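Using the sequences and the hints, build the whole thing.
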Amino acid sequence: MREKIEACRRFFEREHPASFELLPGPGPVMISAPHSVGQMREGRPKAAEPGTGLLALLLHGDGCPVIVKTRNLGDDANFDPVSPYREALCRYVRGHGVRFLLDLHQHSPERAEMIDIGTGRFVNGSRREADVLVRRLSGPLLQPLSVDGLFSGGGPNTVCSQTARDCRIPCLQLELNSRLFPGPKEAPGPAFFALWEALRGAVSDLA
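Number 1199 in the numbering used here belongs to position 60 of the sequence shown; there are no gaps in the numbering.
In short, the hints are calculated from the structure, not lab data.
Each computed SDA-like pair below joins lysine to any residue, with the alpha-carbon atoms no more than 25 Å apart:
id, residue 1, residue 2
1, Lys1185, Ala1251
2, Lys1143, Trp1335
3, Lys1324, Thr1209
4, Lys1143, Pro1156
5, Lys1324, Pro1248
6, Lys1185, Pro1156
7, Lys1143, Ser1317
8, Lys1324, Pro1184
9, Lys1143, Arg1318
10, Lys1185, Gly1322
11, Lys1185, Pro1223
12, Lys1324, Phe1151
13, Lys1143, Gly1177
14, Lys1143, Ala1157
15, Lys1185, Thr1209
16, Lys1324, Gly1200
17, Lys1143, Pro1165
18, Lys1185, Gly1259
19, Lys1143, Ser1158
20, Lys1143, Arg1275
21, Lys1185, Arg1148
22, Lys1324, Gly1177
Nothing here was measured: the structure is a model prediction, and the numbers come from that model.
If you want it as structure tokens, here you go:
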């Protein structure tokens, strides 16, 4: 397991010619990590959310198609009115039978919530899909959990909103407390493995 996690970390340490990479997979549930590297929003730098990239690559190993940000080109794939990242994601969804999208984000370790599931107020995803995640993420190391409590992902230019609107599939934004993830040189703790296993189960249920 240590080798697998280190390989995922080295992926983001490499020089990438493009600002994102799309990694195909056979499964119908796709994973997105649009903030896995730093970004710019309205001219202001925003910190990377590296744990989301690590988690996305691990889920790719379980068969999920994945799209992750790999270079900061002064853009924000979850905010800008036009985004090559979102356009590539939607092309893949339409061409490969993807039936569900899970978009990963991190939030501040100072927040009480460990996990928040954003449904766009049940526009981007239904209560049924949210309930699948709530059930799988109900372990004690992953609490407290909320639905649309922090960030619903419902803005017009979010990854979830555009994909749900253009591809007509359910999409949920998953906000994960940074305390769940290891530091750059740290080994993952029990909460991280609980999160990974819960998401593997959720992917299986949603598929």
